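> Chain by chain, the residues run as shown.
Number of protein chains: 2
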Amino acid sequence: MKTRIAIFGYGNLGRGVEAAIAQNADLELVAVFTRRDPAALRIRTPGVPVLSAERAPEYRNKIDVLILCGGSATDLPVQTPKYAAMFNVVDSFDTHAKIPAHFAAADAASRAAGTVSLISCGWDPGLFSLARVYADAILPDGKDETFWGRGVSQGHSDAIRRIEGVLDARQYTVPISAAVEAVRRGEQPTLSPRDKHLRECWVVAAEGADKARIEREIKTMPYYFDEYNTTVHFISAEEMARDHAGLPHGGSVLRSGVTGWNKEHRHMVEYSLKLDSNPEFTGSVLAACARAVHRMAREGMCGCKTILDIPPAWLSAHSGEELRAHFL
Amino acid sequence: MKTRIAIFGYGNLGRGVEAAIAQNADLELVAVFTRRDPAALRIRTPGVPVLSAERAPEYRNKIDVLILCGGSATDLPVQTPKYAAMFNVVDSFDTHAKIPAHFAAADAASRAAGTVSLISCGWDPGLFSLARVYADAILPDGKDETFWGRGVSQGHSDAIRRIEGVLDARQYTVPISAAVEAVRRGEQPTLSPRDKHLRECWVVAAEGADKARIEREIKTMPYYFDEYNTTVHFISAEEMARDHAGLPHGGSVLRSGVTGWNKEHRHMVEYSLKLDSNPEFTGSVLAACARAVHRMAREGMCGCKTILDIPPAWLSAHSGEELRAHFL
Chain A
1 MKTRIAIFGY GNLGRGVEAA IAQNADLELV AVFTRRDPAA LRIRTPGVPV
51 LSAERAPEYR NKIDVLILCG GSATDLPVQT PKYAAMFNVV DSFDTHAKIP
101 AHFAAADAAS RAAGTVSLIS CGWDPGLFSL ARVYADAILP DGKDETFWGR
151 GVSQGHSDAI RRIEGVLDAR QYTVPISAAV EAVRRGEQPT LSPRDKHLRE
201 CWVVAAEGAD KARIEREIKT MPYYFDEYNT TVHFISAEEM ARDHAGLPHG
251 GSVLRSGVTG WNKEHRHMVE YSLKLDSNPE FTGSVLAACA RAVHRMAREG
301 MCGCKTILDI PPAWLSAHSG EELRAHFL
Chain B
1 MKTRIAIFGY GNLGRGVEAA IAQNADLELV AVFTRRDPAA LRIRTPGVPV
51 LSAERAPEYR NKIDVLILCG GSATDLPVQT PKYAAMFNVV DSFDTHAKIP
101 AHFAAADAAS RAAGTVSLIS CGWDPGLFSL ARVYADAILP DGKDETFWGR
151 GVSQGHSDAI RRIEGVLDAR QYTVPISAAV EAVRRGEQPT LSPRDKHLRE
201 CWVVAAEGAD KARIEREIKT MPYYFDEYNT TVHFISAEEM ARDHAGLPHG
251 GSVLRSGVTG WNKEHRHMVE YSLKLDSNPE FTGSVLAACA RAVHRMAREG
301 MCGCKTILDI PPAWLSAHSG EELRAHFL
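Top to bottom, those sequences are chains A and B. Numbered by the numbering used here, the letters in the first sequence go through residues 1 to 328 in order. Numbered by the numbering used here, the letters in the second sequence go through residues 1 to 328 in order.
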């Protein structure tokens with residue numbers, strides 16, 4: 001029995017989910033919903049309809065899971081509770097500070113409808129959350145640090161693009177090696193945002209734009225840049241297309257902790273990712289999560305869940321027997 | 001409500017579990033059972049009785065979980081099913097090839113008794129199994145490799161000690177950097193046991209023993225050493241005590257995989273451990289697992305489980321709300 005999936009929103013992430021579904025024999029793409037003109041959208045999977053978002057409710061009994069591929073700022077806070085009232089849903093909501101409120105909204109909708117909603121499952125939040133929770137459970141006397149990059153931050157790139165005179169921009173988040181190494185050595189340093197990451201910006205300016213002003217506006221932008229050391233490089237549109245077309249990302253979660261009656265033994269747990277394509281990898285996480293959501297629904301569960309609530313085996317296409325024989 | 005735990009077997013691992021319980025406010029050590037003379041055993045936790053193994057059944061209603069700290073070769077295959085008939089149990093059974101049979105025996109005992117038995121939960125099998133299963137679920141088109149060390153292998157050290165003329169021995173498993181780096185670069189090389197690990201042996205020989213024969217017997221020992229490049233160093237008992245008293249270990253699970261319609265994007269997932277004390281870290285995993293077993297039993301589950309069946313949040317002392325707010 002395959003897990004029948006529909007994708008809601010066909011941007012970078014939606015395309016990543018589509019590619020991931022094609023890699024998994026037990027997952028099946030049934031429909032793609034878009035708020036754009038469906039006739040204008042070309043998808044890759046043969047024979048799968050592209051439909052207007054309004055038609056999603058028609059698929060209530062035709063799919064097992066709806067994967068929501070919108071953004072965390074404005075799309076998901078509305079869409080996740082709305083569609084959790086009709087479907088089992090999966091999202092990658094990643095505004096960490098607003099997760100409890102998002103959870104509460106999705107939980108209320110899912111409990112009323114008897115569906116499962118799984119929120120915030122990409123790689124951070126998602127796989128990195130798992131790394132933090134496992135390591136904290138095992139080494140309670142310890143400290144963790146998360147480093148991101150080197151990789152493209154879509155949010156920071158978008159923030160630069162909103163500055164007057166900017167035609168295009170790409171922002172790389174870069175972990176500072178000295179900080180990573182100090183954490184890896186178990187020194188448990190106290191690190192400010194500036195100590196942990198650099199922000200590297202590549203900007204295409206409009207002809208005649210005041211580059212000094214653009215650079216100043218980037219570097220002083222509250223929250224996004226003002227707490228970091230930031231470099232700004234102006235390049236041509238051709239250089240941008242040639243050198244910055246990809247969306248790589250990655251990072252590490254490190255936890256150092258001590259055990260023993262005199263805290264005499266030190267341990268280091270490190271989980272790291274190096275990704276050529278952030279949206280395709282995130283889409284792959286969402287696809288595995290859709291499999292688990294289908295399983296949770298079959299087990300009679302309902303309400304909002306996170307990846308912390310999922311037995312790891314349920315994310316896998318392999319049976320318990322196969323996992324015990326070959327993976328354990 | 002605390003999780004009341006008893007430890008069965010007070011060797012290195014049992015002592016590691018005891019130290020871990022002391023680090024967790026929600027876990028409580030209630031008793032230690034030993035097959036040695038209880039009067040001869042000094043434990044660290046004040047006020048906790050040390051009792052003969054035969055008295056374990058008296059604690060049926062006094063503990064929530066029994067942690068079995070015996071060895072995988074002869075102890076656990078007998079003890080886990082035996083005590084699963086009386087208690088919720090946790091073990092760190094680590095003979096990978098025999099896990100399915102051990103699972104079946106524990107499952108039958110637990111189902112008949114309505115208990116939960118959690119097997120094979122240390123770091124490999126255990127945390128490394130989790131790393132393999134998560135990475136495989138997300139990157140099905142990929143390949144993983146597990147490297148162990150640099151660290152002391154108790155099994156290999158014991159095997160050397162059984163050779164005539166050997167008074168003491170310590171065997172370090174050493175991952176070969178060139179192999180690790182090739183895997184890390186995503187090259188997916190085909191690696192033999194010899195390509196992946198060196199075996200480094202430190203041996204105290206009896207006076208007058210034939211060192212050349214000992215070295216030859218080590219290097220040609222089937223399964224343990226014959227498939228590896230092995231170095232043998234003879235040292236004094238004083239040097240052994242001074243330089244090789246610790247039980248460090250560690251290792252890495254790496255998975256490289258591809259995504260995209262033309263497999264054009266490469267991803268690397270790496271999970272690694274660097275441990276000063278293998279038994280204390282393994283004991284810390286078992287302690288967190290005891291918490292989860294207690295939770296599973298309260299939820300009405302029974303039968304044999306592995307760490308692949310446990311929702312990650314159940315290993316944690318923190319509530320779902322805390323985890324979502326601070327760890328997700």
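Source of the hints: derived by calculation from the structure; they are not laboratory data. It is possible that part of the hints are untrue.
One copy or any two copies: either way a pair holds, since identical chains are not told apart in the list.
[Said to hold, decoys possible] In silico BS3-like links for lysine-lysine, alpha-carbon gap of 30 angstroms or less: (1) K143 - K2; (2) K143 - K263; (3) K263 - K219; (4) K98 - K82; (5) K2 - K263; (6) K82 - K2; (7) K143 - K211; (8) K211 - K98; (9) K82 - K219; (10) K82 - K263; (11) K219 - K98; (12) K62 - K219.
In this text the structure is predicted, and so the values were computed from the model without any measurement.
> Does each hint hold? Answer for all of them.
Comparing the hints with the structure gives:
no., hint, verdict
1, K143 - K2, "between (42 angstroms within a copy, 24 angstroms between copies)"
2, K143 - K263, "within (14 angstroms within a copy, 37 angstroms between copies)"
3, K263 - K219, "neither (43 angstroms within a copy, 38 angstroms between copies)"
4, K98 - K82, "within (17 angstroms within a copy, 48 angstroms between copies)"
5, K2 - K263, "between (50 angstroms within a copy, 23 angstroms between copies)"
6, K82 - K2, "within (25 angstroms within a copy, 40 angstroms between copies)"
7, K143 - K211, "neither (42 angstroms within a copy, 47 angstroms between copies)"
8, K211 - K98, "neither (35 angstroms within a copy, 67 angstroms between copies)"
9, K82 - K219, "neither (38 angstroms within a copy, 66 angstroms between copies)"
10, K82 - K263, "neither (50 angstroms within a copy, 35 angstroms between copies)"
11, K219 - K98, "within (26 angstroms within a copy, 59 angstroms between copies)"
12, K62 - K219, "neither (49 angstroms within a copy, 62 angstroms between copies)"
Violated hints for the displayed structure, listed by number in ascending order: 3, 7, 8, 9, 10, 12.
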